[in-house]
Structure formats: structure tokens, C-alpha cells
Amino acid sequence: MFKRKECVAMLLAGGQGSRLYALTEKTAKPAVPFGGKYRIIDFPLSNCVNSGIDTVGVLTQYQPLVLNEYIGNGQPWDLDRSTGGVMVLPPYQGKNGAAWYKGTANAIYQNMNFIKRYDPEYVLILSGDHIYKMDYSEMIRYHKAHASECTIAVIDVPLSEASRFGIMDTEEDGRIVRFEEKPKHPKSTQASMGIYLFDRELLADYLQRDEETPGSQNDFGKNVIPRILADGIRMYAYRFSGYWKDVGTIKSLWDANMDLLGDKPVYDLSDQDFRVYSRTPALPPQFIGAGSVVHNSIISEGNNIYGTVENSVLFSGVTVEAGATVRNSVVMQGCVIERDAVVQYAILDAEVTVENGAVIGEEAEDGTPEIAVLGGGIHVDAGDRIKAGEILNAAEYRKRKAEGGERK
Amino acid sequence: MTAAGIIFSNLHDKNIADLTRIRTMASVPFGCRYRLVDFPLSNMVNSGITNVLVITHYNYLSLMEHIGSGKDWDLARRSGGIRILSPYITAYANYENRLYNTHLEALLSMQHTVSTLTEDYVVLSDCDGICNIDFADMIAAHERNGADLTMAVKRVRVTPETAERYIIVESDESGAMTEVLVHPNVYPTGEVDVNLNIWVVNREYLQSSVMNAQAYGFSSFSRDILQRNVGRNRFYVYRFDGYYASIDSLSDYYNHSMELVSNESVRRDLFNNPDRPILTKVRNSPPTQHKAKASVINSMIADGCVIEGTVENSILFRGVKIGKGSVVRNSILFMDSYVGENVFLNCVIADKHVLFHDGIMLSGHSTLPFYVEKGKAL
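As you go down the protein sequences, you meet chains A and B in turn. Residues are numbered in the numbering used here as their position in the first sequence, beginning at 1, plus a constant of 4. Residues are numbered in the numbering used here as their position in the second sequence, beginning at 1, plus a constant of 88.
Don't read these hints as lab results, they were simulated from the structure. Backbone N, C-alpha and C fix where the C-beta goes; we use that ideal spot for every residue, glycine too. Take the hints with a grain of salt, since some may be wrong.
Said to hold, decoys possible - Residues from chain B that keep clear of chain A, each with C-beta distances beyond 12 angstroms, as calculated:
| no. | residue |
| --- | --- |
| 1 | G119 |
| 2 | V349 |
| 3 | S387 |
| 4 | G407 |
| 5 | Y459 |
As the list claims (entries may be wrong) - Below, in silico cross-link-like pairs of lysine to aspartate or glutamate (EDC-like), each with a Cα-Cα straight-line distance of 20 angstroms or less:
| no. | chain 1 | residue 1 | chain 2 | residue 2 |
| --- | --- | --- | --- | --- |
| 6 | B | K379 | A | E374 |
| 7 | B | K412 | A | D82 |
| 8 | A | K120 | A | D203 |
| 9 | B | K379 | A | D82 |
| 10 | A | K137 | A | E314 |
| 11 | B | K379 | A | D203 |
| 12 | B | K462 | B | E193 |
| 13 | A | K7 | A | D84 |
| 14 | B | K381 | A | D267 |
| 15 | B | K159 | A | D277 |
| 16 | B | K369 | A | D82 |
| 17 | B | K381 | A | D84 |
| 18 | B | K379 | A | D259 |
| 19 | A | K268 | B | E396 |
| 20 | A | K255 | A | E314 |
| 21 | B | K381 | A | D160 |
| 22 | B | K379 | A | D272 |
| 23 | A | K268 | B | D106 |
| 24 | B | K412 | A | D267 |
| 25 | B | K412 | A | D203 |
Excised from the complex, chain A in its bound form (with noise of 0.2 angstroms):
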């Protein structure tokens, strides 16, 4: 028997995250490394730690390596408990055969005895590719206080981005009536943020009855929330107001890594009472050379920087050489900006190195910034140059080294 939990969250980091193509490619999407020290993962895992939920099922599929081993025993986040605590879910193969997670409501579906083991009366259903903070205990109260079935968390955006998203249609009270994903004229700019609190009946009854739907995409917001709506449950929305970012481009990933710099940063990371935790590597303080200049910029443990640096965000062990500039940029675990190496505009994987003098993306003319990707491990020649807005891997590095293009 295991000690009943009031809510067991269950996190979809199964995504491959296509869209940062080089960034995902051996790692899923919430893996990726963002701020300096954390992956995107340590923010739905912090939220849970910060609104007193510790059972924690997290759904990997795609690349899970990484994210496996980030997890571990779930120690960081004090997830490491008797019951419950944090537990990788990946597919596995049962007595009627193995299937991979068909889509995120199946997911949920082959984790039902997982769910079940706690008895909740609640589960939790949350993604693993936003950046924000959130009590999620506050919406369990608005999902009692208002004997909701399915509540789903809103956020405000500009009518001209409503389309992008899943938009609700509510009552004056936050009842919804209606749900349109990704409408073409939305009536409503309340989006939803891909964080859904059930009842955990109606949650078994739905995906029971999704999963008997011949040709159903087994997503939730496709069909199981059209389909509770439609059946005249009680549904309400959860406003929530405060940071929260999509980070699944490279464009965006790189505006969030933006928004922690600046006097008064749009998104503080230094916040006392709702912290992130993350996995912490055992390294050295930072060391700021004798001839160096940093301005605007977050720069980790094991850094050492003996050139400039401006508007950046520099992840733990990344050593940038004397007459090296790395200016509006992310950089992440141990990079290395060789002598007189420019890198602008540029978002580094781990473990890159950029030799003397090569030059890593362009300075924006006007104003929107295309963002220059390099992949983990790749090694930048000397005098190289990278165009703004390129993406490469390693393996497209060095075929286009091979074929002897783009050599200064």
C-alpha cells in the first residue's frame, strides 16, 4: 500500500522539440540547458517542489539519456522520497505487446497504474517546454473552490498571437464554453498553457474512452478537452498572470535567456521565496581576469573570463580567452572562446570550441536578430565565420568543412 497523495503531477518530456534542431538533437526537449545552470525541466520540477507536490511521473520517449541522468534520484529537488518523489515513466512492453506513447493522452493512459498506485483525488498534467513560476496549489484551491471536473490554466496574449495557441472561450465566473485550438479568428485571447488539473475519475474515464476512439490523435488538447467540453462538464480556467514562455524555437529560447539580463530583469531569477532548483556541478567560483570587461550578463561557477563579455548568458565552465568578445549571446557548458574569437547573435551548445579569430554570427541590422545555432561538440576552426541566423550540427560542420565552403 503507498500513503494517498492529494495530486500526482505528471510531466510530458517526451517531445523531440524539432524546432531547435541542433539543440535536440541528442537531448529532449526538456533537457535543454536554459539561464545558466538549469534545464527547462527544473521549472515545472521546482513549481511542483514550491506548491507541495512530490510525486512526480516524468513521461520521456524521445533522447531520454540526458534527460535520465539529469533526473537521477530526483535529490536536487528533494525528490528523492520513501513514496512517491520524482519517477522517470518511460513506454515499456506489456503483456499485449509494446507501443510507443502515441500522442500526450496516451501517454497519460499507459501511466494510469502508475497514477493509480497514490489514489489521488487530483492529477496534475504538465509540459516540459515553458519557463515560468507557478503555485500550482493555488489552482488547486480555484479547482475545489469552484467544484470544477477540468481545470485548465490561462494566460493573456496579444489578439495577434492568439492564434498560435489553444484559446478559451469562459464565463464571467472562468466556466469555460468553449475551445478552439489554434483558431484562425480567435474570440478570446485567454491561451491555454498546457497545464490541466483533473479530476482523476474523469481523467481514467476520458482516456479509457479515447483510447476506444478509432482515428483519435490521442492528444489532449485535439480531443480529450473537446470532448469533456462537449459533454457538458464542469470546466473552468485558471488565470494566471506573470512570466511564462514558450522556449520551443531558437528564437524564443533565446528572448527568455534575454529576459534574465538588465538592471530590472523582465523574468528574476534571484527570487527568495519561489526558488529553481537544479542539478549543481561540482566546480570552481567563477574567476573575472585582469583584463577583462562583463556588463549585462550572467556568467555560472567554473567560469574564466579574461575577455569581454556583454548581454550574455554564460552556462558553468566556459572560458573565454583574453581579446575574445562574446556579445548577446547564449554559451552554454564548457565552451571555449579562443583568443580574438567573436561569437554575436549565437546560441552555443555545449562543449564548442571557437578558435582564435573565428567569427560566430552578425550583428543585427535591424533590430530582429537571426540567431546563429552551433551544436554540442562542434570545433570551430581558426578564422571560420558562421552567418547570422545558420544552424549546424557537427556532422554539418564538418561535411561543409569537407567540401571546403565558407573558408575565409
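Model the placement of chain B on the given structure of chain A, informed by the hints.
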């Protein structure tokens, strides 16, 4: 081979009375994010030692909070792991209540625990020395020599005036100890090997030495065990030629801290060996923000700082805030120090949670750094 570790946390507290007023020598902060105990502890863990005893005396709250369950050193173990041995004081048996002042007295007071060790060797280390030493190599040398005890030594130049600070050992070509001089007040100028308070001892030899000490009322490891038995038992020296900083005074503490920013080889020696990382308690601070007007040069900075002013040749611990227009030079600011706007600091050591209000100016001198005690608001 198997080895256990014993760390003495308090023996040198009086060296830096300011910093140890509220903590043990072992828990004195050093190098942005470490405590002195992290060095011997990491050295042990990096050499495969997973059973570690930390003997403590008084003022050990900060030590216990730092070590916690030991998980940051992978020492939260089902068997072995880390144990903090606090003084064993009973209400009745008076003779049990003596607090110890020396290595041997400390071991005597923990005789029961020491007698339960089953490893082949015991590595003993103090907390006043900062180094990154490979104990596995030292134990291998100990084994090769068939030694009873091996002492880590470093070659230093002594003068008749400075010799008194050291335990000086002489040895033959094979490294066998021939003479032990405990704080000699007369010694000619020259290069000598001095004791680093790091020893590898055969476990059985250690246990019988402690039993003998009990029987004969011995109290000094160096006088009663080393000096009495040198030449009779197999004592060897192990020369350590890496960086070693001994913290004998507040100015030693300041100077060795400043070496971290002035000397790249010191940082490399201590911190840049991927196989022998110095581990410490993880605080989970966000990364440090250098704001638009920040100007930082030649400084070592931990996570969780927010810098809006100027920082030069300084060491900032976790969570330090430096306000606009402030200048911090040649200073060491401990955890969560708060420096307001237009503050000027030079050669200051600020303990934890010190608050410098706007406009404060404070300067010590490199030969006499100004120490501000924990929690003070200026």
C-alpha cells in the same frame, strides 16, 4: 587496501580567533564557496575513502549544518559515510569530561569509535591546511615502504626565528624519519621538511598507540608517539610539492585568499584537476548577475551574487550584493553580505550577513585587514 579518514576540526581554532568565534576552524569559509573542511574531506573522497570521522570540540553548529547528511561528498552511506564525533560528556564521570587540546587527546576521547575501525589504514588530517593532495598516492607510498606511519611534509626555508612554528622532520634517502623536532627554538637557517598535519597510519598501529597513550597518560602525538618511537618504528615522510597554504593567523588567511586571485597556478593546483574536484555543500543559488554598470576585474565570485558596482582583486561568496557606485577592492565578503550604494571597501574581511549602508567607507591595510563580524550593520 582500505582506508578510513579522521578529520580534526577544532585544533587550530585559536589561530584565527575572529573567524572561529562562532565556528570551528573546519567551517571557516574560504575561496568563495568552500569551507576549510572541504579540502581534507574532498581529498579523502577523491582517494576512495568513504568512512570519515570528523572529531569536533565546541562551536560545531556551523560544521554540522555544512556537512548535513554528507550527500554533497557522496558520504551519505548505509555503511561508513561521514560521522561527526562531538565531545562525549556525562553528568557523573568527571574524568570523561576533559575537553581535548591535542590530536592524541582528541583520539583518546573518541577511543571507542577509533577502536571499531576495520580499515587497513587511517588517514588523519587537520583543517588548517589548504591543499589538493592525492591520498591514494600517499597510501601507496606508505604501503611500498611497509611503514607504520607516513607523514606528509613540505620543503620550506626556515630561519632561527621561524623554525619555532614548525614540526621539523629529518629523514634518510629512503624517506625514513630519523629525527623529529617539535617547535625547536634554535635551528639554523636552511631548507627543511615540515609536518603538514596529514598522516597515514596503519590502523592497528594507531589503535595500539591510542591504547598505550591511555595507559601511560600520553597527550602529545608528536612528542609521545613520534619523538619516542622515531628510529624504532617505521616512520616515513611523503613529500608533497603541490600548493599548500597553512592558516596560522588572520593575515595568513587574508594573504592565502588573495593568492587565489593573484596567482593562476594556485587556482589551477587547487581546483582544476577534474579527477580531484573540491566538493562542497550545494546551495542552489541562481548564477551571478553582472549588471550593465558593473565592472569586475581580477576577482573570484561565487554563484548568487548581483553586482552593480566595481569589484577589484576581491573574493565574493555566495549571494553577495554590490550596489551602484560602490567600489570593493582587495576584500573578502562572506555569504550574503550586502553592500549598498556608493560604498568604498578596501582590505576588508566581512563575515556573513554584514550590511554596509550607502556611503560607508572602510579600509584596512594589506598587512592588517579589517575584520567585520557576522551580522553587523554599518
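Taking the hints in turn, this is what the structure says about them:
| no. | hint | in the structure |
| --- | --- | --- |
| 1 | G119 | violated, 7 angstroms |
| 2 | V349 | violated, 7 angstroms |
| 3 | S387 | violated, 5 angstroms |
| 4 | G407 | violated, 9 angstroms |
| 5 | Y459 | holds, 21 angstroms |
| 6 | B:K379 x A:E374 | violated, 25 angstroms |
| 7 | B:K412 x A:D82 | violated, 36 angstroms |
| 8 | A:K120 x A:D203 | holds, 12 angstroms |
| 9 | B:K379 x A:D82 | violated, 31 angstroms |
| 10 | A:K137 x A:E314 | violated, 26 angstroms |
| 11 | B:K379 x A:D203 | violated, 46 angstroms |
| 12 | B:K462 x B:E193 | violated, 31 angstroms |
| 13 | A:K7 x A:D84 | holds, 15 angstroms |
| 14 | B:K381 x A:D267 | holds, 9 angstroms |
| 15 | B:K159 x A:D277 | violated, 24 angstroms |
| 16 | B:K369 x A:D82 | holds, 15 angstroms |
| 17 | B:K381 x A:D84 | violated, 42 angstroms |
| 18 | B:K379 x A:D259 | holds, 18 angstroms |
| 19 | A:K268 x B:E396 | holds, 11 angstroms |
| 20 | A:K255 x A:E314 | holds, 19 angstroms |
| 21 | B:K381 x A:D160 | violated, 34 angstroms |
| 22 | B:K379 x A:D272 | holds, 13 angstroms |
| 23 | A:K268 x B:D106 | violated, 37 angstroms |
| 24 | B:K412 x A:D267 | holds, 11 angstroms |
| 25 | B:K412 x A:D203 | violated, 51 angstroms |
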